[in-house]
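Trainee: Those protein sequences? They're chains A, B, C and D, same order as listed.
According to the numbering used here, the first sequence is numbered sequentially starting from 1.
According to the numbering used here, the second sequence is numbered sequentially starting from 1.
According to the numbering used here, the third sequence is numbered sequentially starting from 1.
According to the numbering used here, the fourth sequence is numbered sequentially starting from 1.
These aren't lab readings, by the way, just hints derived from the structure by calculation.
Any given hint might turn out to be false.
Claimed, not checked - Only pairs whose alpha carbons sit at most 30 Å apart, straight line, appear in this in silico BS3-like list of lysine-lysine: (1) D/Lys87 / C/Lys224; (2) B/Lys2 / A/Lys247; (3) C/Lys47 / C/Lys247.
The model shown is predicted, which means the values in this text are computed figures rather than measured ones.
4 protein chains.
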Amino acid sequence: MKPENLLMIPGPVQLHERIIKALGSQMISHRSKDFEEVYEYCREALKPLFGTKGDVVIISGSGTAGMEAAVASFSKVRKITCVSNGKFGERFAEIAWRYAEVDHVKFEWGDSIDLDKVRESLENGSEMVTFVHNETSTGILNPAREICKIAKEYDALVVMDGITSVGGDEVRMDEWGVDVCIVGSQKCLGAPPGLAAVAINEKAWEFYNERVPYYLDLKAYVKKAEKNQTPYTPAVPLFLALKEALKIIEEEGLENRIERHRRLAKAVREWAIEAGLELFPRLNEYSSYSNTVTAIKMPKGITDSELRGTLRNEFGITISGGQEHLKGKIFRIGNMGNVSKREIVATLAAIESVMLRKGVEIKPALNKVYEVLG
Amino acid sequence: MKPENLLMIPGPVQLHERIIKALGSQMISHRSKDFEEVYEYCREALKPLFGTKGDVVIISGSGTAGMEAAVASFSKVRKITCVSNGKFGERFAEIAWRYAEVDHVKFEWGDSIDLDKVRESLENGSEMVTFVHNETSTGILNPAREICKIAKEYDALVVMDGITSVGGDEVRMDEWGVDVCIVGSQKCLGAPPGLAAVAINEKAWEFYNERVPYYLDLKAYVKKAEKNQTPYTPAVPLFLALKEALKIIEEEGLENRIERHRRLAKAVREWAIEAGLELFPRLNEYSSYSNTVTAIKMPKGITDSELRGTLRNEFGITISGGQEHLKGKIFRIGNMGNVSKREIVATLAAIESVMLRKGVEIKPALNKVYEVLG
Amino acid sequence: MKPENLLMIPGPVQLHERIIKALGSQMISHRSKDFEEVYEYCREALKPLFGTKGDVVIISGSGTAGMEAAVASFSKVRKITCVSNGKFGERFAEIAWRYAEVDHVKFEWGDSIDLDKVRESLENGSEMVTFVHNETSTGILNPAREICKIAKEYDALVVMDGITSVGGDEVRMDEWGVDVCIVGSQKCLGAPPGLAAVAINEKAWEFYNERVPYYLDLKAYVKKAEKNQTPYTPAVPLFLALKEALKIIEEEGLENRIERHRRLAKAVREWAIEAGLELFPRLNEYSSYSNTVTAIKMPKGITDSELRGTLRNEFGITISGGQEHLKGKIFRIGNMGNVSKREIVATLAAIESVMLRKGVEIKPALNKVYEVLG
Amino acid sequence: MKPENLLMIPGPVQLHERIIKALGSQMISHRSKDFEEVYEYCREALKPLFGTKGDVVIISGSGTAGMEAAVASFSKVRKITCVSNGKFGERFAEIAWRYAEVDHVKFEWGDSIDLDKVRESLENGSEMVTFVHNETSTGILNPAREICKIAKEYDALVVMDGITSVGGDEVRMDEWGVDVCIVGSQKCLGAPPGLAAVAINEKAWEFYNERVPYYLDLKAYVKKAEKNQTPYTPAVPLFLALKEALKIIEEEGLENRIERHRRLAKAVREWAIEAGLELFPRLNEYSSYSNTVTAIKMPKGITDSELRGTLRNEFGITISGGQEHLKGKIFRIGNMGNVSKREIVATLAAIESVMLRKGVEIKPALNKVYEVLG
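Here chain A stands alone, though its shape is the one from the complex:
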């Protein structure tokens, strides 16, 4: 029997039974009172997760749609500084050149951001900075507060990809000075993929570009949101699921949720080190390890498909490999959403089991997990 699948990847995440049930609902009209209540609930419940009092709208589309909506809607700028140290940071640059000149401040995947380079770019006249808060491809948490501080010195608009941090780690848009921030439904929020929420503060509208793609025009979303509607037919089932996911977050409490994510990620890291494995990110004084996904170097003696294939086939556990040039060089364990201790011990025990069987030189280290998760 092929075991049922457990997703331990950095999104899409495993769905809580309540969310599956919300998803599996008969359709309702998107112009009904019922839908309006769902949308209103979602928008309001997302605000504290973004750490903002500003507007939040939801696009039926992936996180990438949210990133492009953010950049394109506010692209009445001459130059954009795109800071990257991983796949998703680079994606911002791929989007941005369609709307303005781009200065791509690019670091190696896994490296930390050198803030001086960011300042240098701004010094050269950028009016917008884009960066990724939690770089999923490498397991690094970038210094959002510090980047904002520099951007503010130059009065540049800050567009932050919070796709894999909002709802799982601390995000304080208003306090830090993030102007536009994006989150994906299928990450720390614990909902299925297909929705991107964008939080927008007042300043952003100074940069509004009316030639923004019609489908991604945040002004249209904000305007319709006044009546708790969307400009185009929304992906209704995903909104029903998102509402349930946000109710679960509310029940848990944001503080508790962030603390849980942090502790689970710490358990994974300490297990890895105790086992004799090596974490992938190269930190500097401003960066830290991600609290929602851990990237670990693939040890000698086992291939990507041996590790991940066996986990999937025998234990029903799906973890992620490295992307693009990191393929086969790292593996990644997500702990986003509604993950508990149980899934963490199962995943780490399963990895130990597979590695030991293959003769990889690691030391069983679940005791560390027991310690951290206590």
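Based on the hints, put chains B, C and D in the right spot on chain A.
Mentor: Below, chains B, C and D without anything else, positioned relative to chain A:
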């Protein structure tokens, strides 16, 4: 007790129980073999519905996202002729000006398209024609074959909105000469909202514009589709549901499905006429009544909210009103997707009941429905 | 396409979407706090439906299990009077002979109960009377209050089958003097089949027979219910569904629910008469038509399988035929549970359509339905 | 956040997603072709699991209902030998006295059956022997083959409780000489609780007692089963779920399924021994450890509620404690149904974690699990 809701609107449509179950599934990775099989199935199963042997890709977004992807991806043109006779035809024009000069050939909502005006516009140098096959806002079916014939004379690219016809009425892209066609998941396909499929023939690529919005870049979708993947995280649950919806279509047979839609729409129309109501569209020799949605003028003696509100509250039936300036002037009954005789008789009987109670001068006319549906 | 099925039979009934969702839940331990809360809720919520302040327990089994548990648990009697005028009344007699001597006071199916015959039987020394409140096989409502009055004169225990009345029509155990009453989950409660609830008043225990079948021993159920548990593993999913069904009843309000059942049944009856059909039951001054199921004589010109088969295949509507010797002679339309006007108009319109097509001499009569349900 | 629950108890078991979906279905009539197909499938698919070519019928009720139906239906005997060495063996005796004289051959809970005592009882004139194959309360597998051999010498009818072995361990009714055997839906079959299947061979009918309780009369079930129906309204959703569960078994293959159960139970046992814990059952040459549930003595330094409460609250894992006088003295881990390696490593790691934190003197021993499950 508020009765459970039955959607008789032109999308989103009532979901079959099998589709609800597919929707309510635990998540799978979008990079898994399992998802690839789902995506492959959907793309292949959509081709006969479009009447094409060309490529089909699926965007996580509403029908509007599909419309914009079509126009923007192939916008290496100087001028676009946007033919409209209703809300959705006009939407094409709102999209198109972002990418090229627009010649809006605009008719009154409810009027038929004057083909001479289309030819005139093309004569003036357009390289693309956009139009809506089945204009949902007014219940009219536009002459796709004739418009294509004219466009071909001028070698213009034809982009057709088949959002509410594909899967419910006859669409023959390759035969008619439609180059790019869009369908929405929540209409005649019977799936939940949130996906737009775009069918593309070879010719379209001559007009590919690489500055197309990143999220709507059909080249990226086509390239990834070679491995049955999507460029960005897809709305996985909606794909699972779409697959089930397409299986139901396959089981019914496309011919039977189109025949069923036609007969149900005919029953609604003949009932309306027998009852003493008036159909809204003004046909000419090329246009016909829609086979997927019927627009009927609101009779004297009842308001929109009296009719639709009572239907919803007492019978649990949701029908549509008119949009924008037609608000209160018409009501619309959809018969898209997996609707059977039962829903039609229930809806028409309920409308009779409400109208008669309000003193509207209509004649009970279910006997006509019995005749047509026999 | 075969339309989705709508059950208009006297149980199992169509499930509300909320109940389907409750049913489709991951298992919980039947010895957990969670289950105990569910069981407690169900027992308490059932009491007002029975009209009792006494104990209510729930058996995992069909209504028949409940009937037998009631008779067997309290069978320390010499003789039982089983009053019957239909299939389910007769079932009591089939059960009762296993536990005591039986005096079967038997009337023709469809006839009303002659109370003098009941009195006569009691006069001859019975200590228990069994009867069916709402006789589903014939669509008649028996005079519970009157039977109880007579039984009380002779101090006999009253065991009433309320399987198809409790939750849909008025039942007042304590007021009327019913000592033990049974309801089935899949009838007016609107839940799926598989549970039988038994309400028991104090007097019943005087007749407790300890040789009752182990599985049907109501003393064991009552004892375990003190801790909100069941003596044997319960059918957990059915309890989850029943809880949701009872919540829906609470939200509707029992008064409203009974009123709705009565009005819907009245609409069916008046439609039948107006159409020229004939109701099956032969009433006397004490009996009345059932408010939860209507039995109508099959008219000339159509067979059972033509009527019910066509309804099922073309309209997706399932109604019931006659049972045993009534097969082909009557058809029965249930309106138990969470049925709304919509299902009634759909069913009656569909029956008209099928009968007219077959040349049956009826007169379309939905106008009567509009009047009654107005 | 309270983690989602994982049931590792000896029933009800965790449901596979496919089974949950089957459960959450709209109702169908129990007199429809659709239901008949479901019932036929279930009956046929159960036969190989029982190891019989005889009849199989399914009662809507718990395993206990099945036990009583078996004893009562075939109770035209003077005396019954009830062999017990645990809670469920004793239950047979509690049932049997209602139908005949009982000779209770009773062993301590956890002890093995002394076959000489069985023979002795039969020597004294019993015509039926009852026993439990897999005694869930103590984790022991009783010697079915040997008991049958002795019973056959005396021509006694053998009624075996296979409630927690059929579908998870080897059962060969026809080969061993078991005449009547019962299985519960919520154990090794992996379905929800609420159904009991009874397999019956020809010989049993010689002992048919027509005064059997009406609801538990196996003759009525067998007769109706000829048309793939049940005598009373069945718990339809549970049958839909059982069908899906049986399809999963068919897909896995019975051999593989038994092998998986055996290996998982072995992993639990070897882990326990390596960790320094003690298994509860006291084997003799004929008995063996259960392959579907493992009973382990509670070690010093931790209470039942500390162990099981923490597992449930922090890890979302439910295991069982001891029953009645064994409460607090043992804990039990089920591996029935569709359990994979993942759930086993998660459960054992969680137990280690909780015990170590409480200072219990155990040695982490997951390496043994890795070895056995390899």
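Trainee: Hints first: check each against the structure and report whether it holds.
Mentor: Against the structure, the hints come out as follows:
no. : hint               : result
1   : D/Lys87 / C/Lys224 : holds, 17 Å
2   : B/Lys2 / A/Lys247  : holds, 25 Å
3   : C/Lys47 / C/Lys247 : holds, 13 Å
Hint violations for this structure: none, all hints satisfied.
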